[in-house]
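Asks: Sequence:
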Amino acid sequence: MRNSGARHVKDIEDVEESEESATFLLLLDAIPALVILASAAVAGINADYAVNHWIWDVLEALFTAFFTAEILVKLKVFGCKGFFWGADWYWSWFDLLCVVLALVEMIITYTGRTLGAVGILKMLKLARLGRIIRLLKFKIFQELKLMIQGVFTGLRVLFWAVVLLLGCVYLLGVVTRTIFTDRPEFNSVGQAMFTSFRCFTDGCSTYEGAPLQEKLFEEHGGLFMLVYILLFLFVTIGIFNLIMAVFIDNVTDGSTKKRQRELGLNAPRTGWVIASELRHLILSRFLYKEAEDEVDAEDGNEVDRPRRVSKIFKEKVQNLREMYGYKPHTTQEYDDLTDQIREEMANRKIVVTRTEFNHWLSTEKPLLETLNDAEIDLSCKSDLFDVLDADLSGELEFEEMVDGLLKCRGPASKTDIIAIRLKTRLLVRLMIRICEKFDIDV
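In the UniProt record's numbering, the protein residues as written are 1 to 442.
Please keep in mind that the hints were generated in silico from the structure rather than gathered at the bench.
Any given hint could be a false lead.
As the list claims (entries may be wrong) - Quick list of in silico lysine-lysine cross-link-like pairs, BS3-like style, CA-CA up to 27 Å:
no.: 1; residue 1: LYS407; residue 2: LYS381
no.: 2; residue 1: LYS289; residue 2: LYS74
no.: 3; residue 1: LYS257; residue 2: LYS423
no.: 4; residue 1: LYS258; residue 2: LYS407
no.: 5; residue 1: LYS365; residue 2: LYS349
no.: 6; residue 1: LYS414; residue 2: LYS145
no.: 7; residue 1: LYS381; residue 2: LYS365
no.: 8; residue 1: LYS423; residue 2: LYS407
no.: 9; residue 1: LYS258; residue 2: LYS437
no.: 10; residue 1: LYS145; residue 2: LYS407
no.: 11; residue 1: LYS258; residue 2: LYS145
no.: 12; residue 1: LYS257; residue 2: LYS145
no.: 13; residue 1: LYS407; residue 2: LYS257
no.: 14; residue 1: LYS76; residue 2: LYS137
no.: 15; residue 1: LYS437; residue 2: LYS423
no.: 16; residue 1: LYS81; residue 2: LYS137
no.: 17; residue 1: LYS365; residue 2: LYS137
no.: 18; residue 1: LYS365; residue 2: LYS289
Whole structure, please, built from the sequences with the hints as guidance.
Replies: Take a look at the structure:
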């Protein structure tokens, strides 16, 4: 009967938490993204059809009202401090800027047209497209954000790639201008450069539309054919592929470094989130036991026992959430609250067994989501306990879990490999000293 009550309570909690998460995501992620896409589509349609129709002003007013309401909702949910100076403060200020520009545009639309402010109005209409940039803040567009960041990361390499290509095209332009002086496509170095570039990409033809390669082959014979083939292979297979390879390598390396920096910057927040989730799981176990003890101490119907346990347990969980409901906003606050959680769990002398830990990984969806958000690999969940159990005690202390999980974030870095190498060297030295002390041949 008690196991049935526990499962019932667990089902209620899972349903409530999943509904809250879905509602929060729908309110602050999916719906604004869809509205931004709709506003961008309306801006494109407005540019082609019935430019001065009143319906576009109505739609823009609706979009502005929605984005204003979005900011107000976020201010209520996160507070002024969390919204304007939180982790995503730059997006918050950008959202506010977009709304202010939209309001200014509406004011000019209804009052400024008579004042000759048509030019400013056109610029503000183009500023609507800046809302599309807001899509990068939503998690559903995370891959798009990574692609754009990768392009910006490789801009310096791309610049030097363009310089290399222009240098090669310039040399070819000078050579072809000197050799093919009778062809109108090579009347100047600039024309020769452009013609050479077209011949290595697409559209290698005369001004009349005939294939330029065939014309030059008829005039200069097989030597031109051999040189053209070699140059074509050198430029297309050599230079173009070299540029692509260097660009991709630079973008990949830059993305990896940026990811590592973000992991380091987010370490305090991630530590607090992991510690809070583990504390919730651990204290829920104690709270359910306390709820059962309170029901056992009362005189009541045994049939009604699961419902009363569920009610008391939910009240205790709600009190726990209110007690620890404060969300930090600065790195120092994250560190302080994490230290408080560590100290509280250490005073309780919390230990988690292998069975309980693996049960969490199999059934606790919020914990799995927290670990996924922290970029902890869960492909081999059954081995995670052995990874965290560094002292091979068969049990995990709270400090051991938090520190171990933080170390598991992201891919293995160079510092991880060097740390293993240095520790291995230290162990070898210690073993050699032990063998020398006991006269053991190595």
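Asks: Next, verify each hint and record whether it holds.
Replies: Cross-check of the supplied hints:
no.	hint	result
1	LYS407 / LYS381	holds (15 Å)
2	LYS289 / LYS74	violated (37 Å)
3	LYS257 / LYS423	holds (24 Å)
4	LYS258 / LYS407	holds (18 Å)
5	LYS365 / LYS349	holds (25 Å)
6	LYS414 / LYS145	holds (26 Å)
7	LYS381 / LYS365	holds (13 Å)
8	LYS423 / LYS407	holds (16 Å)
9	LYS258 / LYS437	violated (48 Å)
10	LYS145 / LYS407	holds (26 Å)
11	LYS258 / LYS145	holds (13 Å)
12	LYS257 / LYS145	holds (16 Å)
13	LYS407 / LYS257	holds (17 Å)
14	LYS76 / LYS137	holds (19 Å)
15	LYS437 / LYS423	holds (21 Å)
16	LYS81 / LYS137	holds (19 Å)
17	LYS365 / LYS137	holds (24 Å)
18	LYS365 / LYS289	holds (22 Å)
Going through the hint list in order, the structure does not satisfy hints 2, 9.
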